[in-house]
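S.K.: Take a look at the letters that make up each chain.
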Amino acid sequence: MPPPAPPAGNLVEIENVTFSYGGANVLDGISLTIPRGSVVAIMGGSGSGKTTLLRLIGGALRPGKGEVRAFGRSVSRARTRELYQLRRKMGMLFQFGALFTDLSAFDNVAFPMRERTDLPEALIRDLVLMKLQAVGLRGAADLMPQQLSGGMQRRVALARAIALDPALIMYDEPFTGLDPISLAVTGQLIRDLNDALDAASIVVTHDVHESLAIVDYIYFLANGRVVAQGTPDEVRASTAPFVHQFVHAESDGPVPFHYPAPDYQGALLAAR
Amino acid sequence: MLARVLSLFEALGARVNGMIARLGLASRFFWIMLRLSGTSFRRLPLTIREIYFAGVLSLIIIAVSALFVGMVLGLQGYDTLVRYGSADAVGTLVALSLTRELGPVVAALLFASRAGSAITAEIGLMKATEQLSAMEMMAVDPIARVVGPRFWGGVVSMPLLAALFSAIGIFGGYLVTVPLIGVDDGAFWSQMQSSVDLREDVVNGIIKSAVFGVAVTWIAVFEGYDAAPTAEGVSRATTRTVVTSSLAILALDFVLTAFMFRGA
Chain A
1 MPPPAPPAGN
11 LVEIENVTFS
21 YGGANVLDGI
31 SLTIPRGSVV
41 AIMGGSGSGK
51 TTLLRLIGGA
61 LRPGKGEVRA
71 FGRSVSRART
81 RELYQLRRKM
91 GMLFQFGALF
101 TDLSAFDNVA
111 FPMRERTDLP
121 EALIRDLVLM
131 KLQAVGLRGA
141 ADLMPQQLSG
151 GMQRRVALAR
161 AIALDPALIM
171 YDEPFTGLDP
181 ISLAVTGQLI
191 RDLNDALDAA
201 SIVVTHDVHE
211 SLAIVDYIYF
221 LANGRVVAQG
231 TPDEVRASTA
241 PFVHQFVHAE
251 SDGPVPFHYP
261 APDYQGALLA
271 AR
Chain B
273 MLARVLSLFE
283 ALGARVNGMI
293 ARLGLASRFF
303 WIMLRLSGTS
313 FRRLPLTIRE
323 IYFAGVLSLI
333 IIAVSALFVG
343 MVLGLQGYDT
353 LVRYGSADAV
363 GTLVALSLTR
373 ELGPVVAALL
383 FASRAGSAIT
393 AEIGLMKATE
403 QLSAMEMMAV
413 DPIARVVGPR
423 FWGGVVSMPL
433 LAALFSAIGI
443 FGGYLVTVPL
453 IGVDDGAFWS
463 QMQSSVDLRE
473 DVVNGIIKSA
483 VFGVAVTWIA
493 VFEGYDAAPT
503 AEGVSRATTR
513 TVVTSSLAIL
523 ALDFVLTAFM
533 FRGA
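One line per chain: the protein sequences are A and B, in this order.
The opening position of the first sequence corresponds to residue 1 in this note's numbering, with each subsequent residue numbered one higher.
The opening position of the second sequence corresponds to residue 273 in this note's numbering, with each subsequent residue numbered one higher.
Hint data in this document are derived by calculation from the structure and do not stem from the laboratory.
The C-beta atom is built at its ideal place from N, Cα and C for all residues, glycine as well.
Treat the hints with caution; some may be incorrect.
Stretch by stretch, here's where chain B covers chain A in the computed footprint (C-beta under 8 Å, at least three residues) [as the list claims (entries may be wrong)]:
| id | region |
| --- | --- |
| 1 | 79 to 89 |
| 2 | 107 to 119 |
| 3 | 191 to 202 |
A few chain A residues that don't get close to chain B, going by computed Cβ distances all over 10 Å [what the hints assert, rightly or not]:
| id | residue |
| --- | --- |
| 4 | A60 |
| 5 | M92 |
| 6 | A134 |
| 7 | H209 |
| 8 | R236 |
| 9 | D263 |
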């Protein structure tokens, strides 16, 4: 059943979404769009609500206010069955891969195919090898996740996320903890996969330089709001204090280094 | 003073409320699990794998414990019965104790600490490492794919383990009393045969172990699924599984015994 054509070519539309957790607003009236064919980065410091945003798009969380739409259909109001249908067109790469530890790399990639399609085992075998080849790990097909390094685990997880050629791929911190070579390889992989699948990709990250090299558009999040946005060129040229601080990795600026605390001297000199 | 007493009651009330809420959560989880159990039967290899992990891998501890429990029963039983000149009845004593009580109860306690804790830890760790979230994002329901087969694997394994426990325990009692002490072989078996009733003793024991199997595995999968996704959370959930299911086994045993054996 083909989905209704998404309006204006946007695969994901987030409108005025507010999400609170434990009384605090993690997202505070946020709006953004992800057009088909593009790689969009969502940046912000730790705790700026980036991962929450991905979970809202995947339907794992529901917004307190506002509307999340994917493929032209509401995610935030979808019933479980509908949600599962939407998720069939999404792939998500978790921060630490989230590979099934009791399955080999091959079986991990085969998992979504075996669970969700009726493809014959011979075809699944070929598809899995193709996906593993795409991430450069065909030779590691028979290894268990524990036998792979962190970066390799994430690449297997990426092969699993794209196993069924999703139209929307979400990456949660794909660059964290990678060595410089793996970093560049992963970045290029994200770009190439997106273009090969004609998909849209959302990359949640705080790695500015890698992202600027591969993405089409960037949203900056702080305190649950979009504080800046633009193409990589606009971002590089931006003089907005927040963007400047982030891009040039300055420790002081609109984003404070210190968690709010009472006066330092006072705390040290206070009577015990 | 009054304020302190009041706050004490408040804390007590909050605790009781929390416990009732958790019971509600567990019950809802139970129904969802039953509703999604189709997968466990349509894809039998998944369930058979869990029967292997929960059942087959528990065999050694069950067999060894049963042997020793039976041998102790034989010794103690003989020691008491011989005073009344009815040492021949030791076979009856061993068999009835095991099929009615010790088989189901001790096997279930061992099952809770061997298999129940493993199920909780596994599901809890899958949650902590986002494997369950990843599965959900792949449009596969973890309750159908992960929880269901583990539940049914445990439910199938428990009565079989209890039956084995009783059988091996009786053999242990036999070893001690007949070859070692010298109770008459024929009397041991024939007394047992004439006094153990299939419906009254054996079937009731199996019913008990089936009930324990549902309770223990339900507690184990719920605690794992409900665990806080941290190392500490998984460790607490595992402890809770063993404690809660042990208490549940003993309490249920009393209720079931009261219904089954009213001294009629």
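S.K.: Would you pick out the hints that fail for this structure and give their numbers low to high?
M.R.: Checked against the structure, the hints that fail are numbers 3, 4, 5, while the rest are satisfied.
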